[in-house]
Every structure is written in C-alpha cells, then in structure tokens.
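Novice: Heads up: the sequence lines are chains A and B, in that order.
In case it helps, the numbering used here puts the first sequence at residues 1 to 325.
In case it helps, the numbering used here puts the second sequence at residues 1001 to 1297.
Errors might be hidden in some of the hints.
Stated by the list, open to error - Only pairs whose alpha carbons sit at most 27 angstroms apart, straight line, appear in this in silico BS3-like list of lysine-lysine:
| no. | chain 1 | residue 1 | chain 2 | residue 2 |
| --- | --- | --- | --- | --- |
| 1 | A | K35 | B | K1144 |
| 2 | A | K36 | B | K1274 |
| 3 | B | K1171 | A | K36 |
| 4 | B | K1171 | A | K57 |
What the hints assert, rightly or not - Taking beta-carbon pairs under 7 angstroms as the criterion, some of the chain B residues facing chain A (in silico):
| no. | residue |
| --- | --- |
| 5 | A1110 |
| 6 | S1119 |
| 7 | P1122 |
| 8 | F1133 |
| 9 | E1164 |
| 10 | A1165 |
| 11 | L1168 |
No wet-lab data here; the hints were simulated from the structure.
Predicted model only: the values in this text are computed from it and were never measured.
Idealized CB from N, CA, C, for every residue including glycine.
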Amino acid sequence: MDYNLAKNYLDDEKVQWAPMRDGSGHGMAELGEIKKDMVVIGADTIGSSRAKFFADKFPERFIQVGVAEQNMIGIAAGLAYQGKVPYAVTYAPFLIGRPWEPIRTTIAYPRNHVVFVSSHAGLATGPDGPTHQMTEDISLTRCLPNFTVIAPCDTEQARKAVKAAYDIEGPVYIRNSREKTPVFTTEDTPFEIGKAQVLRKGTDVTVIGHGYMTYFLLQIAEDLKDTISIEVINMHTIKPLDGETLLESAKKTGKVFTAEDHNIVGGLGSAVAEFLSENHPVPLKMHGVMDQFTESGSVKDLWDKYKLDKKGTQEILLEFLNKNK
Amino acid sequence: MSLTDKKIKELELMANRIRKTSLELVTTAGSGHTAGPLGMADIFTALYFNTLKHDPKNPTWPERDRLILSNGHICPVRYATMYHAGYDITEEELKTLRQIGSRLEGHPNARRIPALETSSGPLGEGLSQACGFALAARMDNMDKNYHIWCLMSDGEHQEGMTWEAAMLAGKYKLKNLTAIVDRNNIQIDGVTEEIMPLEPLRSKYESFGWHVLEINAHDMQDIVNKLEEAKAIQEKPVFIIANTIPGKGVDFMENRFGWHGVPPGSGPEDAFPKDQQFDEALKQLQKREDEILSQME
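Let the sequences and hints guide you as you build the complete structure.
Specialist: Put into structure tokens, the structure is as follows:
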C-alpha cells in the first residue's frame, strides 16, 4: 500500500514538527461544520487542548464545565443519552485518570458514544513533570469493555482520528501528546480505525509503535537497513488490536519489538503480548516507560534519559536482537 | 393546582400498593434495599401517576419527561411503580429481580430497559447526567417541551461530583431541571449529620443559584402541588428537599438505618424474628390499604 508519507520525512531537519493537539483541534472544528449534533466540552484547558478552535466557531454547542472533570464526564453521558455526540477534551491525566469510575459507569457500561480527546499524554509533555505526563491512560481505557483506543502517530493522523471517531459506536479515546512531534503522514495518507499500517516492509524483526514513536522506528529501520531488514508497523489503534496484520508480520519475522511513550504495564506492548502469547508466541521486547514515575525536563532531555528517542530505542532494539539471534 | 380529595386518595392507595410490591420484590430477591423504596413510594407515585409527561406504551417518546434516578439502589420502587403504571414489566418478571439474565438488575441498567434513561448505582453521578440531558434539550430548543427530573439521595451529597453539577446547573440556569433529594437522614453507616453533616442544605443550594422547595414527602397533596410549582419556576433549576421517613409504612422499619440495605428476612430482630418480618410488614401495609379504601367510600 502507498501511504503517501511526507517528502524527505526521515530527515529530522526537513520534516515539519507540530503538536498533535493542533490536529485534533482543527479536526473537531472541521467536523463541527457538518455534524450538527456534535458538542464539545472543555474543562478550563480549551486554549492548550485546542478545544477553543471548535468553541470559537460553535459557541452554542460548546460547554465549559470549569475545573471539574467528573462533572465533564456526567455531562457527556447525559448529552450522549439524548443523542448528541459529545467530545470531552482536556489533559490526559484529568480526562481519563481523575474521573475513571464515572467513565466506567456512565459511558463505558451503557456504551454511550462519547469521544475523549486528550493532550499531555506521555513524556512528550515535558517540564510539567510526572503529575501531568500521563503514562497510564492506555491501560485505563483499554481495560474497559466497549472502548476504542487510538494513539495517532502525528498531528495529521490526530486530525483524521477525531473525525473518524464520530462514526464509531461506543466510547473512543484519542491520545495526543503536548509537544511538537514530526509530521510524517500527509493529507493523502489513508487512515482507518482498527487497521494497522505496515509503513515499511522487512523480514528480520517486526517493530511496532504508536504516537510519535513510530517516527523514530522508521528512522531506525532506515539507518540499519544495510544490516537488518526491519518491518515497521504503526499500531495507531490499540483496541481493537489488528491481530491479523500483527500475526502475519510475526509469522514472517519471528521477532517482535514494541515501543511507546506509555508505561509498559497495560499499554501497546501488553496488548501485543496478550495477542501473540495466545496465537503465535515469538521472542518479544516491550520498550517504553519502565513502570516508573519520571521527572520534569525538556522533552529532548526526557527522551534521552528514558531512552524514548531514536538513539535510546535503537540501543534497546539492538540488545534485543543480539540476545535473540 | 389542587387535586380532588378522591384523586388524592387514589394516589395514596397506589402508593401503598407500590410499597407492598417493593417489599415483595426485595424479599423474593433476598437482597437489596428496603428503607429507601418505602420512603420514596409517595414521590414515585405522584410522579408516575400525576406529574410526569410520559407514555408507558411508548417509553422512548421524544417529548417525554426524563426521570433520572441517581441513587440507583432504590430501584425496586421504580420497577414496582413502572409495573403498576403499565410499562412493559410483568408480574412474573418482577420476581426475577437481581437474578441472572433478568432485566431487573440490582442497580438500574438502561441498556436492558431504556425507559430507565440511565444506568446508575455509584453515587453522585446522576445530577451531572441530568444536567447533560437538560443542556441537550436546550440545544434542541425543546426545553419548554419536556422536563428533566433527577432523584437523589441525601448521602450522595457527600460526593464532590454532586456539587460540581450543582454549580453548573446554576451557571447555565437550567430551568428545565428539577432535582429531588430523598432527605431521610440515614445512610449505611448511620445518621447523615453524624457521618458527614449536610446542613444547611437549603442555603447551600440557594447560594449555588437554585430555587429551593421543601415538602412533606408523605403528604400527597403537598407533593403534587410542589412538583407543579417546580415546573413553573423560570430562570432557575429547582431543588426539592423531600423530607421522607425511611421505611415509611412499616413501624418497625421507620427511621432505622439497620433497614437501609437489607430485605425483610434479613433485618434487625428487635421487633420480629427474621421469618416473621415480611408477613408482619405486609400486614401493616394491608391494614393501611383497608383504611384508605374505607375513607374512599
């Protein structure tokens, strides 16, 4: 498949960098034009979460709940029961962590169609520190029945995801990081919820990422191409997991490596491990935030220290490959 | 609006039947709440048999009033009321409360019975959802066409989420919303004012921008009058403090928190041993029914 990725996207210097929350903000504002039953709910973060793009255009379909995330969830549920399609938008720790039980009871259990759009997922939040760097949101949503969980790979994919989520039944979580990340997909890159993207074919190892980590995996595959043939999968939808694509790739390469800006407990790595251990066990390495709280710092310093950039991830990948020759 | 004495007596009679049915329900189930359903039977009767705009044969009618039960644990009284009001619940089905496969779950499941409007149980979440319903009605320009009613417990006012919603309803002046609190003063661990005081409840709501009414929740005339008054209030959401007697109608259950979360057959044995609790309770309700019938003649 031709994914129509950006020109010269593998070059750090030439690729455009932009925050995913920009894409989701624009996506919501664009969708509001055609979907008159769409409502956006903000919680005193509408500037930084980009809910403002919608709020400015459609003030009559925007609700400001203030710093009250539990109420935000209840309001969303009430609107959904009445046939509206609410988008609840704020930082990931407050959107998913703080009101988790109301999400479970009022949205997941009755299968209400509510779209959760976050900012501040993962270490790519930067200097705000661990309270605001949400690294457990995938675990918390993935374990709830009826949920669809999406972690777009860049701002363009975030834009497409918030639009596609309108047509999904039940609750949908779309995970965005705060800081700028490389924009390597384009308007012409296809996107389908639940369909993994094999962005690069290979035969020696399958590497799987979500969010901006997919970009680093593509760079690593390019750099190592003379010695190792790496297959790169963008698993933007973590639930439902595209087992078919995963199985086909694992059968071909016989080794799987996952990388994500999320706790290794309960994230993409766990989802892949659950699937492969039942269907086709192969050597597996899960790379990510190693079940710890991290610290403040610039995103680049955090990536370096916690090995979530290209260099660190490549080091972990090569260790894994050396152990499993 | 004042109802005729005859109509009031008919409502009282129905409330007493709903109490009997509620007791039978929880006794057959062998678990569930007793005091709350008995205390709220008069309010449920007034709503379903006088105040609510609804059609039991068409429970998803777009212009129906929405009744949101926040404290889901008193659902036996809602199931009993809906049965008597002619909703699609049979006498046989009532006996399946809390059993595997039943639509009548221990806490309300709106996926199985859409007429329940919401699934509920965990406390403090109903008022937020009711606000969401009211906002949606306003966006559709339907806020004059139907009313949103939210029934709540007093204990769930200890949940912060309740106050987040109370604040929002005041901000948005949700005039199509009325919340009714079952002010029975008890919760599982004891008396509310000892566990975590709620008073002054009236002035709390008033300061959040609500209009507050108070009712004697066992005086049918007072109930129906105040419910009408609530609908007529413009520009503000309305909060009704319904002063209820938990366990109302059965003297050995009244005002006893030991009867909050257990059915007849499992209650405190100071008045009657377990095996006589249901029969004694039913005897008292039957006596009350005979009284009302003789008054009606």
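Novice: Each hint should be assessed against the structure and marked as holding or not.
Specialist: Against the structure, the hints come out as follows:
no.	hint	verdict
1	K35(A) / K1144(B)	24 angstroms, holds
2	K36(A) / K1274(B)	58 angstroms, violated
3	K1171(B) / K36(A)	24 angstroms, holds
4	K1171(B) / K57(A)	21 angstroms, holds
5	A1110	5 angstroms, holds
6	S1119	5 angstroms, holds
7	P1122	5 angstroms, holds
8	F1133	4 angstroms, holds
9	E1164	4 angstroms, holds
10	A1165	5 angstroms, holds
11	L1168	6 angstroms, holds
Of the numbered hints given earlier, the model fails hint 2 alone.
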